[in-house]
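Chains as they are written, first to last, in our numbering: chain A, 4 to 246; chain B, 49 to 205; chain C, 2 to 397.
Derived from the structure by calculation, the hints contain no laboratory data.
A quick note: this is a predicted structure, and the numbers were derived from the prediction, not measured.
There may be inaccurate statements among the hints.
As the list claims (entries may be wrong) - Chain A is faced by these chain B residues, among others (derived, beta-carbon under 10 Å):
| hint | residue |
| --- | --- |
| 1 | Val61 |
| 2 | Ala62 |
| 3 | Phe65 |
| 4 | Leu66 |
| 5 | His82 |
| 6 | Gly85 |
| 7 | Asp93 |
| 8 | Glu97 |
| 9 | Ala99 |
| 10 | Ile103 |
| 11 | Asn123 |
| 12 | His164 |
| 13 | Thr166 |
Don't be surprised by glycine CBs; every beta carbon is placed ideally from N, CA and C.
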Amino acid sequence: MNITRRRMLVLLPAAAVAWKYVLAGTPEASPNYQMTEHWWAMLIDITKCIGCGSCVRACQLENHVPDGYFRTWVERYHIEDWEMEYPKVDSPDGGKNGFPVAKETGGKNFFVPKMRNQCADSPCTQVCPVGATFVTPDGVVLVDQKYCLGCRYCVQACPYGCRFINPKTETANKCTLCYHRITKGLTTACCEVCPTGARQLANLKDPKDPIHEFLQTHSVQVLKPYLATRSKCFYYGLDGAVR
Amino acid sequence: MKAFKDTGHLFRVAAVFLAGFIAFLVLRSLLVPHSFGRYGHYRADAIGEIAALPISYAGHQTCETCHSEVVDVKNKGVHKGVACESCHGPQAKHADDPGSVVPDKLDTSMLCPRCHQTNVAKPKSFPQVDAAEHSGGAACNTCHQPHTPAIGAGGSQ
Amino acid sequence: MQVPVEGFMYPNEIELQWSVLIVLYPFLTGLVAGAFILASLERVFRVEAVKPTYRLALLTALAFLLVAPLPLQLHLGHPERSYEMYLTPHRSSAMAMFGFVYLWYLLAVLVLEIWLDYRRDIVVLSQTTTGWRRLIYRVLTLGSTNISPRALHIDERAGWLITVIGIPSAFLLHGYVGFIFGSVKANPWWSSPLMPVVFLFSAMVSGIAVVMLLYMLVSSLRKEPIDMGCVDTVAKYLFYTFVIDFSLEMLDLIHRIYEADESFRSLDFMVHTRLYFSQVVLQIFIGTLLPITLLGLTQVLKLTPMVRKQIYVLSGCLTLIGIFAMRWNVVIGGQLFSKSFLGYTTYKMGFATREGLLTAIVLTVLPFVFLWVLVKLLPPWPERDSGALPDATPAH
Chain A
4 MNITRRRMLV
14 LLPAAAVAWK
24 YVLAGTPEAS
34 PNYQMTEHWW
44 AMLIDITKCI
54 GCGSCVRACQ
64 LENHVPDGYF
74 RTWVERYHIE
84 DWEMEYPKVD
94 SPDGGKNGFP
104 VAKETGGKNF
114 FVPKMRNQCA
124 DSPCTQVCPV
134 GATFVTPDGV
144 VLVDQKYCLG
154 CRYCVQACPY
164 GCRFINPKTE
174 TANKCTLCYH
184 RITKGLTTAC
194 CEVCPTGARQ
204 LANLKDPKDP
214 IHEFLQTHSV
224 QVLKPYLATR
234 SKCFYYGLDG
244 AVR
Chain B
49 MKAFKDTGHL
59 FRVAAVFLAG
69 FIAFLVLRSL
79 LVPHSFGRYG
89 HYRADAIGEI
99 AALPISYAGH
109 QTCETCHSEV
119 VDVKNKGVHK
129 GVACESCHGP
139 QAKHADDPGS
149 VVPDKLDTSM
159 LCPRCHQTNV
169 AKPKSFPQVD
179 AAEHSGGAAC
189 NTCHQPHTPA
199 IGAGGSQ
Chain C
2 MQVPVEGFMY
12 PNEIELQWSV
22 LIVLYPFLTG
32 LVAGAFILAS
42 LERVFRVEAV
52 KPTYRLALLT
62 ALAFLLVAPL
72 PLQLHLGHPE
82 RSYEMYLTPH
92 RSSAMAMFGF
102 VYLWYLLAVL
112 VLEIWLDYRR
122 DIVVLSQTTT
132 GWRRLIYRVL
142 TLGSTNISPR
152 ALHIDERAGW
162 LITVIGIPSA
172 FLLHGYVGFI
182 FGSVKANPWW
192 SSPLMPVVFL
202 FSAMVSGIAV
212 VMLLYMLVSS
222 LRKEPIDMGC
232 VDTVAKYLFY
242 TFVIDFSLEM
252 LDLIHRIYEA
262 DESFRSLDFM
272 VHTRLYFSQV
282 VLQIFIGTLL
292 PITLLGLTQV
302 LKLTPMVRKQ
312 IYVLSGCLTL
322 IGIFAMRWNV
332 VIGGQLFSKS
342 FLGYTTYKMG
352 FATREGLLTA
362 IVLTVLPFVF
372 LWVLVKLLPP
382 WPERDSGALP
392 DATPAH
């Protein structure tokens, strides 16, 4: 890995320009980001997840998530034969350091990454008493850290268990879809580090986004569809036993 | 005004309530944040505040602007789709100041098994080994070059 | 701080969000609604027998209503931001709308009704007392000393109107608390259209019980004979309300057991294990079936006043325990099981912490302290306590 001095002189300015763009401020000021051109979603391919926990670690580092709380986590399922209503599930420390060797052999086993579900009809925003959690015009559910009272009603209302109260700020916290990254042309931290491409960020308003083709040619599922949250976190290969 | 005789006290109560209501309206106009309600029932400035948060992972495109020979090596192997920071961790600080912020040296015996240790829940087609059996305790990069891990493909480091 | 978890829970669910303070809050507002409904029995439905409890019931409701926001404030992550609920209430949020229901009930119903009912006494006291007490009463008169018969008649009519508005307001007050839980579709232990109704009836039961107990206690402290006609009537209303409340709760239970949807197995296990003592023993047997049976006995058997009084005291106390247990089972029970229906956690209640047991005990005692102050300030039975009131001064 030998970078010659000459090469550095050429590459550094290019990198500096790219970096400056990355560090650009608010979405309104960011050169090319228009909220109305985006409707963010996520595609998770269960058949590719290897349960390495890289996504959990990356999210914690990128978003300064306190220990013991999770904006994303990985679950491991073990299903004996046809007993779909009685799966054995575990998630040691959210899957942050991978999973220990399973004791069960046989049956059906797989990993399921979980995260905030990007609900378009979000129950948590419905119950927030002051408007501290909201859906942005580009489809991301965010929490206003300066306005949240910490009443915890939103945590109770989330059917997926993806919200928590940050003990340092005493306010509600959840996956922000790395809003500070996606508005600058980067992808989310979890998608960036996923080694198998099990996680894919998608912009439903971009006609060239590969998700449209994928949704048309594959059977996809969302978690708890009967609760009609219009979740935009699409799973491919989600077994019916997944809670 | 016979109907209103002896009702003076009721008007006083009404006046107290009215004063309270007006005080509430005044307080409201003073205390509600200005950007509230611009896009919906929330403080619109919060969107900007959240978007301005600092970044820890630089993103593989940024790495590739300087380290293009690594990219060339990687693209020939099966780790083509694995982002740089997947193994090297968050490197935004390094990208910001490549001279003084140097990434840590990685320990492959800890790093590689996280993905490649055999686990019944992993997809069958994914390359998995039992680390202890496979290498007898030797570090993975003794035989494998992480950027192009197939034996004999790019040569060991 | 490792919490013992059985089975699997989503990682963020392990720690409980709502503590014993959130159990206390519906308990206190329930007492308010119940006490007010009892007071309205006399005012609107002309049940003369319960008249001796009228003013005491109103003051009890006020004392509890003033303390009710305290557990909420102590529970919030940022209590200094709680005013936001009034400035930018989110209209789709039951919690935000409840803030206004509370304010409406406190000011437009309870305070106004108490003021109108006590106005004559306040005016008289503002002229007969001295020092700082005189100042308080003078402020309370709002500057009007008109207590002519016609003015008092207007007060009585206005008070009647407010009580009529107050009854649905009291229903709304506590029904809303039930709706805050009942509208959460994510939680099958809470999500039910019956929840507001069950909360309301259990509120009425607890409110009637507490006023009955307080009346008997205050009368014995003042060495006054207890009006048996009054307590017999109050106990009768307690009995009937309790039967309705119990029927509603059993309806919910039977419906759940019969339909046995995906959450049932998990909830059933929880009730049989972690919630067994508080739900089956405390709430159902000791807190509901036992007082209903005892009260039922007083309705069918001819018992001496002494025995009846003892039964009323015992039933009243058991009722309060049972209704508190019901709130506990709803709030805490709803957080003990995982939304994946695959696991259970434990509630670790602190003692001297912000949301601990000691705080809960202090907040339960505090309304009685407030009540004592209110009774001293606005005596429910002025003629007996401080002698006959001097004749009212004519209107200016």
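Results for each hint:
1. Checking Val61 of chain B against chain A by beta carbon gives a least distance of about 30 Å; that is not within 10 Å, so the hint is violated.
2. With a cut of 10 Å, the hint placing Ala62 of chain B at the interface with chain A is violated, because the nearest CB-to-CB distance is about 29 Å.
3. Against a cut-off of 10 Å between C-beta atoms, the interface hint on Phe65 of chain B is violated, since the closest Cβ of chain A lies about 24 Å away.
4. Violation of the interface hint for Leu66 of chain B is found here, the shortest Cβ-Cβ separation to chain A being roughly 26 Å, above the 10 Å cut-off.
5. This hint is violated: His82 of chain B has a C-beta 13 Å from the nearest C-beta of chain A, more than the 10 Å allowed.
6. Among the interface hints, the one on Gly85 of chain B holds; its C-beta lies about 9 Å from the nearest C-beta in chain A, closer than the 10 Å criterion.
7. Restraint check, Asp93 of chain B versus chain A: the minimum CB separation of about 9 Å is within 10 Å; hint holds.
8. Because the smallest distance between the Cβ of Glu97 of chain B and any Cβ of chain A comes to about 7 Å, under 10 Å, the interface hint for this residue holds.
9. A hinted interface residue such as Ala99 of chain B counts as satisfied when its beta carbon comes closer than 10 Å to some beta carbon of chain A; here the least separation is about 5 Å, so the hint holds.
10. Among the interface hints, the one on Ile103 of chain B holds; its C-beta lies about 6 Å from the nearest C-beta in chain A, closer than the 10 Å criterion.
11. This hint is violated: Asn123 of chain B has a C-beta 15 Å from the nearest C-beta of chain A, more than the 10 Å allowed.
12. The restraint placing His164 of chain B at the interface with chain A holds, with a minimum CB-CB distance near 8 Å, inside the 10 Å limit.
13. For Thr166 of chain B, the interface hint holds, the least distance from its beta-carbon to any beta-carbon of chain A being 7 Å, beneath 10 Å.
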